[in-house]
Each structure stands twice: as structure tokens, then as C-alpha cells.
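There are 2 protein chains.
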Amino acid sequence: MIRIALDALGGDFGANPNVRGALQAARRLGVEIILVGDEKIIRQELANLGHSTLPKHISIVHAPNVIDMGAEPAKEVRTKKDASIVVCAELVHKGAADAFVSAGHSGAAMVAALFGLGRIKGVLRPAIASPMPTYQGVSLLLDAGANADCKPIHLLQFAVMGSTYMQKVFDIEKPKVGVLSIGEEETKGNYLVKHTVPHMREIGVNFTGTVEGRDVNTGDTDVIVCDGFVGNIVLKMAEGLAKIMIRMIKREVKKRPLAICGALLSKGAFSAVKKHTNPDNYGGAPLVGVNGVAIIAHGKSNEVAIFNALKTASKLVKKNFIGDVADKIASLQGVFAKIEAAEAAGE
Amino acid sequence: MIRIALDALGGDFGANPNVRGALQAARRLGVEIILVGDEKIIRQELANLGHSTLPKHISIVHAPNVIDMGAEPAKEVRTKKDASIVVCAELVHKGAADAFVSAGHSGAAMVAALFGLGRIKGVLRPAIASPMPTYQGVSLLLDAGANADCKPIHLLQFAVMGSTYMQKVFDIEKPKVGVLSIGEEETKGNYLVKHTVPHMREIGVNFTGTVEGRDVNTGDTDVIVCDGFVGNIVLKMAEGLAKIMIRMIKREVKKRPLAICGALLSKGAFSAVKKHTNPDNYGGAPLVGVNGVAIIAHGKSNEVAIFNALKTASKLVKKNFIGDVADKIASLQGVFAKIEAAEAAGE
Numbered sequence: 417m418i419r420i421a422l423d424a425l426g427g428d429f430g431a432n433p434n435v436r437g438a439l440q441a442a443r444r445l446g447v448e449i450i451l452v453g454d455e456k457i458i459r460q461e462l463a464n465l466g467h468s469t470l471p472k473h474i475s476i477v478h479a480p481n482v483i484d485m486g487a488e489p490a491k492e493v494r495t496k497k498d499a500s501i502v503v504c505a506e507l508v509h510k511g512a513a514d515a516f517v518s519a520g521h522s523g524a525a526m527v528a529a530l531f532g533l534g535r536i537k538g539v540l541r542p543a544i545a546s547p548m549p550t551y552q553g554v555s556l557l558l559d560a561g562a563n564a565d566c567k568p569i570h571l572l573q574f575a576v577m578g579s580t581y582m583q584k585v586f587d588i589e590k591p592k593v594g595v596l597s598i599g600e601e602e603t604k605g606n607y608l609v610k611h612t613v614p615h616m617r618e619i620g621v622n623f624t625g626t627v628e629g630r631d632v633n634t635g636d637t638d639v640i641v642c643d644g645f646v647g648n649i650v651l652k653m654a655e656g657l658a659k660i661m662i663r664m665i666k667r668e669v670k671k672r673p674l675a676i677c678g679a680l681l682s683k684g685a686f687s688a689v690k691k692h693t694n695p696d697n698y699g700g701a702p703l704v705g706v707n708g709v710a711i712i713a714h715g716k717s718n719e720v721a722i723f724n725a726l727k728t729a730s731k732l733v734k735k736n737f738i739g740d741v742a743d744k745i746a747s748l749q750g751v752f753a754k755i756e757a758a759e760a761a762g763e
Numbered sequence: 417m418i419r420i421a422l423d424a425l426g427g428d429f430g431a432n433p434n435v436r437g438a439l440q441a442a443r444r445l446g447v448e449i450i451l452v453g454d455e456k457i458i459r460q461e462l463a464n465l466g467h468s469t470l471p472k473h474i475s476i477v478h479a480p481n482v483i484d485m486g487a488e489p490a491k492e493v494r495t496k497k498d499a500s501i502v503v504c505a506e507l508v509h510k511g512a513a514d515a516f517v518s519a520g521h522s523g524a525a526m527v528a529a530l531f532g533l534g535r536i537k538g539v540l541r542p543a544i545a546s547p548m549p550t551y552q553g554v555s556l557l558l559d560a561g562a563n564a565d566c567k568p569i570h571l572l573q574f575a576v577m578g579s580t581y582m583q584k585v586f587d588i589e590k591p592k593v594g595v596l597s598i599g600e601e602e603t604k605g606n607y608l609v610k611h612t613v614p615h616m617r618e619i620g621v622n623f624t625g626t627v628e629g630r631d632v633n634t635g636d637t638d639v640i641v642c643d644g645f646v647g648n649i650v651l652k653m654a655e656g657l658a659k660i661m662i663r664m665i666k667r668e669v670k671k672r673p674l675a676i677c678g679a680l681l682s683k684g685a686f687s688a689v690k691k692h693t694n695p696d697n698y699g700g701a702p703l704v705g706v707n708g709v710a711i712i713a714h715g716k717s718n719e720v721a722i723f724n725a726l727k728t729a730s731k732l733v734k735k736n737f738i739g740d741v742a743d744k745i746a747s748l749q750g751v752f753a754k755i756e757a758a759e760a761a762g763e
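Chains G and H supply the protein sequences, listed in that same order.
Just so we're aligned, residue 417 is where the first sequence starts under the working numbering, counting upward by one.
Just so we're aligned, residue 417 is where the second sequence starts under the working numbering, counting upward by one.
Errors might be hidden in some of the hints.
Claimed, not checked - A short, non-exhaustive set of chain G residues, derived as facing chain H with CB atoms under 10 Å: (1) V554; (2) I665; (3) K671; (4) I676.
What the hints assert, rightly or not - Computed spacing ranges between beta-carbons, pair by pair: (5) H:M485 <-> G:E759: 27 to 37 Å; (6) H:K671 <-> G:R663: 16 to 26 Å; (7) H:E602 <-> G:P614: 33 to 43 Å; (8) H:M485 <-> G:F531: 49 to 59 Å; (9) H:A758 <-> G:F531: 44 to 54 Å; (10) H:I676 <-> G:K472: 42 to 52 Å; (11) G:N697 <-> H:D743: 52 to 62 Å; (12) G:K659 <-> H:A746: 41 to 51 Å; (13) G:R535 <-> H:E602: 28 to 38 Å; (14) G:R535 <-> H:A746: 32 to 42 Å.
These are computed hints drawn from the structure, not numbers from a lab.
For each residue, glycine too, the CB sits at the ideal point set by N, CA and C.
The following block holds chain G by itself, in its conformation from the complex (with noise of 0.2 Å):
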């Protein structure tokens, strides 16, 4: 049985969406939910929740420690050995779970992941991988925040876990994969773009060219890859101005009765658009590269959100994700080789 540690305190909401996304894992998935936190909390939770014994499935692993959200993760993860997000990262490297889903901090997460389970052997940077809501459905945007700086490799090395990623959890047989760039030529971009658009095709990956800004959001592109800083603001950018958006037509409404009005008949259009551009349905961002399945949930995660997220992790194990990247990396050792020593060369 596949068993996934859940930082049970992690995210804006605490212990509540967590234990009650945890219940609906275990009793609809037929996995393992191990509670890593305080455990008084945690019990306390499922007693509120009707269970004053442990349900099936799940297990608490006593962490009675936070990391402080203003403080610097990474001196919070290598000084805190018992606050929850390392030790689901430790659960996770001595085999003691299969993979862990956490919605606190996201860089404490990416550190702790990398602290305790390390890189996949060739990976050069783990990435922040987002799906990201679209008019088709989802693409995954990498790297989503974890490298402001990248180079020409560690794009390439994006393109085949995001294309390994998408193949596994949404089922996608060739997954389109662009370059995030200004103008659809393949020569125009900034230093980074022109020096990764020409490796795109010898890595084994469905490269269908670059992406500029006004197709991000269309759902042609199954993964969209660019550097964490530029990512970074994309995704942010698309959940505020979502959001804005619908703050503008409300403001325009309110001044109109008739528009009330109409508003009040058209809710389910907009509940249906609101419920499509969601996050919480699309199962949290995996740390791609990092060895071992980590999932980074957003810290506003409902019930449903830490249940998804919970899925995806599980779908992962059960299909071989680490196995699955490692081999591919482990094969194109070579390729990445000579276009590292041919950029060293050129710089």
C-alpha cells in the first residue's frame, strides 16, 4: 500500500482541510496517510471530525515543530530536525513513506525536499512545476519560482521532467512542449531562450516551439518552460489578474440594477468559470528533479484541494515518476554533456 506523509499543520487553514483531505485519501484511494505534526492537534482534529480512535489508514508521526514563515528557510529546515516539513521529507528518504504533500511554506518544502531526499542523479536544479488553469485545461509551467536564475541546461532538463509529468498525471502520450519567449520566431528572446530554443530537439521531448506571453493562458501548450523568475510572476500573475477581472465586472455591476439582475441569472456561468480556474483541482505543484515524490499544495488549500494533491502524489508513486525521470536523464547524460561544454565554450 502506498503511503504518503501529509505535513498535517501546513498551509493558511491549519489542521482542518488537511486531516478532512487525509480521511477522504484514505477511505477513497486505498492509500496510507501518515499525519506528520503536533499530535494533541491532529487528535484533537479528528475527534472534532467524529473519530476518537485512529481511522483506517492513517497514522499521526508526532513533529511538534513549525518553521517560522518570515524567518530563512533554509536555517529553519537545517536547525528545526522536528518541525513537520522535515520530517515528512526524512519519512519520505528512509522509506518510511512514499511521498509527501505539504501546504506551508513552499520554500521551506523545497528545501526540506532537497535536504532530505537530495536531486535525482543528473538533475542540476529541481523546479517548482504549477499546473496552470487554461481555456483548454491545464498546462504545467516550470520552473515556477524555485530558480530566479537559470541556465540553458537547467531549461532542458525542465522540458523532459514536465514532459515526463505530464504523461504520467494527465495522461498526455506526447506532450507539447514550448519555451516561454517574446515573439514566435525561434530566434528572437533573451540570451536564455536563444541559447535553449536550439537544443529543444535533441532531447527526446515534443518541442512545438516558443510561447509568447498572449498564448500562455490558451491550453495549446501542455508545458511551458522558462526560468523561475519569469515563471514565477507569470503564474502569479494569472491568479491576480483572474481576480482583478472579476473585481472589475462586479464593480460594473453593482452600479447597474439591471445588471444585478443579470448577474443574478448568469451565477452559474460564472461559479463554472470560477470552479475551471481553480487551482485547488489540479493537484498542487510537484518539486521536479528532487529524488523522491513531493507535491507543494497552495497554502489557501481546502478539503479538496490537500485530497488532490494527495491523488497526484499517489499517481506518481504508483506509476514510477523517479524511475521514469532518472532513466530518461541517465540517457541523455551525453546530450546534456556536449551542450553544456559547447555553451561553456561559446560564453
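Dock chain H against chain G, hints included.
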């Protein structure tokens, strides 16, 4: 009287919106518009609009050639001396016009302005500054695409020029200036941002901190500074996502008969949002840092957009934008030199 050269055939819709916008500007703004392009086509368009002779404050400069959109802009500009955009820049250079406006190829306009007008003394890299609709009004984003790779000194100069622009055109006394980054802490970001932010308080602008992706469209910051790669992606993504949101809402509305009625009743509210987010209303994107007033209008500009771009151009001339930027850049030469030296030493 202020004289503005207009690339009369620039943009996706040919002479019509340009000539109409010019007629409106000549009538309402008390400026002279020089229509630059194929004289026969321009005269035909004027005739179609009921002017068999040249209207008051409208003149024509014949420029029979056009830039090939598919070709390399620098080469096109260098070889086609009689292309309308090249003639526009030349008119400003020789003092026959005070400013130019073009809705043609923005890359070609940038190159024509650079070749024809040169840079303001001390400006290292001219930028495209793009007004961007926000929840509260409009923010200026620069660079929006002229310089894919930038150094800190470039971003600092963009901040000075963008701030001056918002003072002149939007009458904001102390524009709030931010640097686009990831995370709110000033210590976060990529190499470029980390080396730019520490100097932001040395250049006499009202620096209010870094701006995250989610806050790009709130309107809390008047001037958002970034490199042209990130800026172009952000700008195009904002345009694209707004359209996609509307398409998503329409798709869901169509599935629900009640919602269709509701949408009809709320139509006014949607039109208001559409109008508010329409870049046509914000007067085009100035090329800041070139030694003359040059404005790029959207390729899809209609009469209103052209009129507004001409209005902005006239405002910039009237308020001595070029002179003021030149003075500020000159007064900061010592500061810039020190920053550049420090950066060079640190590299």
C-alpha cells in the same frame, strides 16, 4: 503650432483609422498633422471622408515605401529610406516635425527612431514604455520589449524616464515606482533585480518597493520597471488572459438559457469593463530615451487610439518631456557612473 508626423498607412487597417484620427486631432487639439505615406492613397482616403482638398492643419509628405513586416527591421530601416516610418523619424530629426506616431511594426519604429533620432545624451538603452490598464486606472510598464537582456543601470534609467512620463502625461506629481520581482522582500529576485533594487533610492524617484506578479494589475504602482523580456511577456499575457477570461465566461453563459438572459441584462457592465481595459484609450506606447517624441500605437488601432496617441505626443512636446528627461539623466551622470563602476567591480 505643434507638428506631429503620422505614419499614415501604419497598422493592420491601412489609411482609414490613421486619417480619421488625424482629422480629429487637427480639429480638436490645435496641432498640425503631417500624414506620411503614399500620397495617392492618403488623398483617396481623405476624399472618401469628404475632403477633396487638404483640410486645415493637415499636410502630406509622400513616402511610397513600406516596411516588410516579415523582414529584419534593422535591415529594412537601413535600406528603405523612403519607407513611411523612416521618413517620420527623419522629419523629427530635421525639425520639420516635433513628434511622430506610428501604428506600424513596433520593431521597425524602434529602429527608425534609434537611427533617425539617436539617444538622449547619457541614456544607454531606450525602452518601449507601455501603459497597462489596471483595476484603478493605468500603470506604465517598461521595458515592454525593446531590450530582452538588461543590466541594472538600464532598469534604473527606465525608472527615471518612466517616472517623468507619468508626471507629464498622467499628471501624477510623485509617481510610485516599483521593480517587478518575485516575493515582496527586497532581497528576493533574480540577479538583475537584486543588483537594481539597492540603487533605486539613489536616483531621485519615488521608489515604493518590488512588485509581485499578482500586483501588476492592481494599479497600486504607477511605474513598473523590468527587462524587456519579462515586460513583453507580462504585457501580452495581460492582453491574452483578459480575452480568454471573457471567452470562458461566454462559453459557460451559452450553456445556460437563464444565463443568456442574464448576460443580456449585464451587457452594459461588460462593455464598461471592456472599455476600461482597452489599450486604445491610453494613448499608445512611447519610446523613451530616444532623442525625440516617438509613440507606437497598437497595430489594431482604431480612430480613437490614433487620436489618443497623437494627443499624448502633443502633450509630451508641450511639456518638454525630452528636455526634462535629458536634464534628469544629465544630473544623475555621477550617480550612474558610480553604480556602473560598483557593478563592474562586483562581477
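* With 32 to 42 Å as the target window, see if R535 of chain G and A746 of chain H comply at their CB atoms. => Hint violated: Cβ distance 51 Å, outside 32 to 42 Å.
* Assessment of proposed distance window 41 to 51 Å (beta carbons of K659 of chain G, A746 of chain H) -> 43 Å, holds
* **Outcome of range test on Cβ distance (M485 of chain H, E759 of chain G; 27 to 37 Å)** => Between M485 of chain H and E759 of chain G, where Cβ atoms are some 33 Å apart, the hint holds.
* Holds or violated: 49 to 59 Å for the Cβ distance of M485 of chain H and F531 of chain G? -> 52 Å, holds
* **Interface hint for I665 of chain G, Cβ within 10 Å of any Cβ on chain H** => 6 Å, holds
* Interface hint outcome for V554 of chain G [beta carbon to chain H under 10 Å] -> 13 Å, violated
* **Pairwise beta carbon distance, R535 of chain G to E602 of chain H, judged against the given window 28 to 38 Å** => Once the Cβ atoms are compared, 29 Å apart, the range 28 to 38 Å for E602 of chain H and R535 of chain G holds.
* Holds or violated: 42 to 52 Å for the Cβ distance of I676 of chain H and K472 of chain G? -> Roughly 48 Å apart at Cβ, these two residues keep to the hinted range, so it holds.
* For the hint on I676 of chain G, just tell me whether its beta-carbon gets within less than 10 Å of chain H. => 8 Å, holds
* Asked: Is it true that K671 of chain H and R663 of chain G lie within 16 to 26 Å of each other by Cβ?
  -> The hinted range 16 to 26 Å holds for K671 of chain H and R663 of chain G, with Cβ atoms some 24 Å apart.
* Asked: Going by Cβ atoms only, is K671 of chain G closer than 10 Å to chain H?
  -> 7 Å, holds
* Asked: Would you say the C-beta atoms of N697 of chain G and D743 of chain H sit inside 52 to 62 Å of each other?
  -> Holds - the Cβ-Cβ distance for N697 of chain G and D743 of chain H, about 54 Å, lies within 52 to 62 Å.
Checked against the numbered hints given earlier, the structure breaks hints 1, 9, 14 and satisfies all the rest.
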